[in-house]
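**Q** Okay, here's what each chain looks like letter by letter:
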Amino acid sequence: MSIRREVKLLRHGRDWRGRSTVPKSAQPHELEHEEREFPTAWARTRTAVRARAGLRRTLLKPVVWSQTTPVVEGTEYLDGVRGPVVFVANHTSHLDTPLILGSLPERFADRVAVGAASDYFFDVRWRATLTAIFFNAFPVERYGSRRLRSLALDLVDEGWSLLLYPEGTRSEDGWMNPFKLGASALCVTKGIPCVPIALRGSYAAMPRGRNWPQPGKPRVTVRYGRPLVPEEGEDVRAFRVRMAKAVSQLAAEEDLGWYGALRAAADDRLEVPGGARSVRPGALAREEPTAERAGESKAGKNGKTGAGAGEQVAHWRRIWSSTEPLGEKRRKVWRD
Amino acid sequence: MSRPGFVLDVDERTPPLLMHQGEGFRLERLPLGAKVIYPPDSLPGIRNVDAAIKHALLNPHGTEPLPELLTPGMRLTIVFDDLSLPLPPMQTPDVRQRIIEQVLEMAAAKGVDDVELIAGNALHRRMTPAELRRTVGDRVFQAFFPDHLKNHDAEDHDNLLHMGKTKHGEDVEINRRAAESDLIVYVNITLTAMSGGAKSVSVGLASYKSLKHHHNVHTLRHSNSFNDPPNSAMHHSYERMKGLIDEHVKVFTIETTLNNETFPSSMGFLNKREWEWNVRDQASYVAVKRANELLPAKTRRRIWQSTAAPYGVTGVHAGLQSEVHPITLSNVHRQQLTEVNGQSDVAIYGLPYICPYNVNSVMNPILVMSLGLGYFFNLYKNKPIVRQGGVAIFYHPVPNEFHPVHHPSYIDFFEEILTESTDPVLLETKYEEQFATDPWYIQLYRNSYAYHGVHPFYMWYWGAHALEHLGDVIFVGGNRKTTARMGFRSATTLADALEMAKDTVGSSPSITYQHAPPLTLADVR
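Chains as they are written, first to last, in the working numbering: chain A, 349 to 684; chain B, -7 to 517.
So that you can see chain B by itself, here it is in the shape it has in the complex (with noise of 0.2 Å):
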């Protein structure tokens, strides 16, 4: 049995402790007395994915088998979520690949010929054909792509299908294919406990018309967190939504779950407890320090992102998204919860290389915003690991840079409206339809490879709760121009940071250290 998640308390036996901090990591020497918490050891994988996988797909909870949802002539819209899914990217078979082949099998077994693959993407960038053969292997790539493995377009009207609106007036407009189709497969990865269940169709294949329901500002301030699915209001919208696509169509939902074997072997010391490194770790830990450090930033950038994680499937679970998804949620929890005992003044969080919008692309200054004071920040249940008013402290060096084929409107975004205000609700009142409705953008959403106009400005949303809730915001090791662009501090060493934080939470303040990833979520009592 694996450890289960635990919260060390710093004292003089403790060495120092790891950081992720962008592109690299470092030690760190925490103040005696602060809290680290450290999610549970990765779950062991299950043996023969193929034969739960097969096993899920002929045992569905709450409809019947697979094979008898099938039939000939019928459309069948196979579903499955996109590069954002998992982090880092798995390693080959990706398990969405090894679920869609099953599926095929069992649809070619019974006749079916009218069989669509869409990515769902929302108003993410398209993946490429390269990223979408990876995601469902070479077989389903050569057999589908281009005509019938495509991405989600969101702004391409004709293919959408508006169903209605929900009791609360919330638009639901989905991708028209699979609204029309006889039966939805959707092939989901729930990583973190805010994906998968009534998310999957409402906003993989959603248009905007239909997210800015939930993605804006009002509903993520009550989203407490998002990633506690019964307290938060994006959720809870995705349920209203997701009731009135059943009222339309079928979806059978196969739901996956990961355990916490984030990095390959070579960097197995990422995954390990500090004090429990053995000499090889300590050794690859100071080569593999050193050569990140001396590599040319373009290399670094190339090699931190082809790591593909050995991700072992912790459970596979398909049939009615209403009865799959807690199971998955109750696997995600296994793997990830971790008790913590009370809020502290000062939160600190190491930020990888990695959010769910640069896979294969550059982490700018608005994704470190939303990695940090979105994704990070809200790995809690109940309450945030920090107090009303506290300080956060982010390890990541924040660089000015930009993929300008993947995120055109993030350059105009920083650029021109954070100068103006950094005000979510403001941006949201004054810019967001502009930028949303932007033709230019909306042309290279729909034919290059960029994130939707709007995407900037729910990254900045993404953040809203956690910039209500705290007193301040330090960057250790950030760059001074682009974190004061964005309203935060930035710091040296950690010891500069709480002294900044000394005007905010005072000289002797509680500290907690989410250690993250492997992914922790922290449950606050």
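Bound conformation, chain A alone (with noise of 0.2 Å):
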């Protein structure tokens, strides 16, 4: 054999280290050993904090706004707010934490930190420092597989705000999944007010699997509520059930308008998810699945598919609705 075989022979499978992949059957088995945690709080130092903000108003805030459209609406009930508060807010794209960062007022977009998943943004190294110094993120155990000791419960004490997305994950479809209790145990131990946020059209900007928004500055909007505080002797669920139902009614805003969206919801027509349940951001209760498609009702309006909640819609019906373009302003190219 000549020795350019020879040699093309022993390269096989090897990267230009020489190392060869293992084989599936050779890899040594490794004991479970505890994960240590990926260190955070250098990205809350002094330094770290005014590096990030200047990442935020010369890199990031840029970037998003010039690739989608955002509207940010009810950050004036954040006025009269003062100490640390627990951002809430349904989660639906990685473009999320960037326009609600991108939309606080500056006091508080230096002073919150974001819980984010720990088996995903803090896996590898290099995703970890660049989630922590972006965005002030620290790790959360969202499966509590590994009993990590979450970080949120000593950054309130520190002064901080967090921006936690209760549903644990992006949505698959758009739809708002069940809220998980920490952040609503959070609140109510700590005595701290919880501001839900409302995040529309942000699905169909850029949803799971794309790095990029879509392209024609898809319109987002971003809906402060008015803070919730825990009232004496309420309990953990109760808040729950409180903040997934404010963060419903924010988001029904988009489709029935403010006072249409406060008035669903004092009639207690608002779908919030729950239990197993996801339901369509902005759903109402008995929709009527003629009346939507005859455009009659105001959440027909933009509820073309009729997509409202429960289990038995398809999946297809889901993505569909929740990719609705929002409002009905297309992009001008020409003058009128």
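Everything labelled a hint here was simulated from the structure, so no lab data went into it.
Treat each hint with caution, since some may be false.
Said to hold, decoys possible - The list that follows gives simulated cross-link-like pairs (lysine-lysine, DSS-like), each with its CA atoms no further than 25 Å apart:
| id | chain 1 | residue 1 | chain 2 | residue 2 |
| --- | --- | --- | --- | --- |
| 1 | A | LYS372 | B | LYS264 |
| 2 | B | LYS422 | B | LYS201 |
| 3 | A | LYS356 | B | LYS264 |
Assembling the complex is the task here: the two chains are given apart, and the hints tell you how they should meet.
**A** Below is the structure:
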């Protein structure tokens, strides 16, 4: 055999450093070891906060605002709010965090820490570092398998506000999933206010699997609600329901308008995720499919597919309703 | 702790795997789904071997410490394994030298004058003075050679003692000096599970008359395998003979086991698993392989034969053979045993350049057969790695070469006997006696350095179990003429060999490659 063929055979399956892939059956059995938490304290130092503010103003916000058309409402509710708060939002896209951070008043944006999935954002060093510097993220254990002690309590004690997504993960289809208890428990035990946020259109703008927004500057809305304060003796589950209702109501504002959504909430007509049920953001209970198709109800105006709630709705219909463009406004190419 | 042996499933992430092929080696890409049996990683050797030997001699199993067995005026015979062990020969100082020196020191302290050292070579060729010197060391050699350091002579009838017959009617005839000693100290290296134990004295010091009772086709076909003593008819026979020997003479056994450091550091890649080769291993693979191919055949052989293994000693145990050998076997298993799940249709073996009978010599076709179908095929416990009627594929060039001094009877066996038949039973009944008693072969065995006339027959019987078990035998890269003479087939590549095996095992056979050396003993469940 010529030396060239010999070397070629030898090089088969090896990288440029000569390292071979290890056959699956030869991979050593690894004992489950206690994962060492990625340290994030450095990302909350004064220097890091300044650097992050710079990055947010010069990079994060300009890029997101240039690629989408954000509509921000309700930031005035934050005017009187002091001290650490917990922001909770529905979560459908990687755009959500930059949109919220970009739209928050500066005094909050500088003092907010974002709960990020430890198994996703903190699995490799480079990603953990980037996430920590850009978003002031801290690892959150989603599945409770490794039993990391959450940093959230300490952060609140240190005066940091938190941005949490109580659904636990980005939605598969743009619908809201039931909230987990963590955020509500945090508010109740610490007695701090919770600011609900609803995001609409971010799923359509950049759903799971995309790493850049759709072209055409899609419209996204970020609505802040009035802070909710846990009442004396209110239990964690009840507060969670209140939280979910508040987010649903904000989401419904997109379709019903402010007052319509208020009325729907007062009449208890809003669909709220709970149990194992996910709902379309802003969906109303007892939606009449025929009325929707005829465009008679307000909800039907944008919910043309009639997809409201429940497990019975086909997957494609969920995605279909989630990707409807918001508002009627198209980008004007020609002058009128 | 070193890693245990394991069975690799060849997948798309598996790099090409190493195959020994006579005085060379190659990389081969095995079909996806093939299994590869790897031995456990080399165990750490004992750091202070001399201290371990001393401890073993002073704290033996089942008998008094050695110094208490030594008395002034006694006849002491020290017998040691010949150059067929270990393989490749170990780097000096040989562990036998270390043990013999300590035994002699104790004997000297006790005032023992009548000491004789005998190499237990049975019907193997005599060891040359240089080989003896290498094995026992300079001091021992100078003090005892040539009068009291000798090879066993199985044809010196004046110096053989017939001790009687076992209850199965097996003659027990061993070296007279040893048999009439007050104490035999047997110094052993147990490289594979077949060696050591009852085999030491009953085979190493025996004559043809005694050996033919277990070195025959019937016994070997009922030794499944001879590396698994409880299931080996051969070892049952050894045990019976040993029982008789024990009635006549006291034997103090010292057994040692070695780890799997089979190749020196310059060829360290041969000791490693392929996906763990670093750049240096890969470079030395290419360099050694290329140099090996470019060398003239004679030089190449000389270099391979002068390779000495940096073995570490994993155990030294002394005392009564029946109590020592189980410990020794567990040490061998610790180093070599790998559990394998089930048999396959095709077994692949890469045969190396050395077998027990071509140390400093030539691996002739008969020895290739005995190495492949004898030694490698029988590296199993419970069941062979290949099913009944399956195919064995060996990698070896099977050159038509013989060492005229060491293997004269092999030449005649190959040229005259194998042309007539390859059936072991027929050869045994028709020709064995003739070769065993041929005066010229006996002359060469006693005075030259030739293997006994009957030895090629034993080699052929060694493969009798495999010949009965296998449906086909194919040699990749084998010389067409020599393989055909032995009743086998040759193929150019593995793909061709598998194509040829189709007739026997179909087009998608299960394949197992026994990755050795370093030696692996497959425990097939």
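**Q** It remains to establish, for every hint, whether it holds in the given structure.
**A** The hints, checked one at a time:
1. Between the alpha carbons of LYS372 of chain A and LYS264 of chain B the distance comes to roughly 17 Å, so the proposed pair stays at or under 25 Å and holds.
2. For the suggested pair LYS422 of chain B and LYS201 of chain B, the alpha carbons sit about 17 Å apart, so the restraint of at most 25 Å is met.
3. Of the pairs offered as hints, the one joining LYS356 of chain A and LYS264 of chain B holds, with about 20 Å between alpha carbons and a cut-off of 25 Å not exceeded.
Checked against the numbered hints above, the structure breaks none of them.
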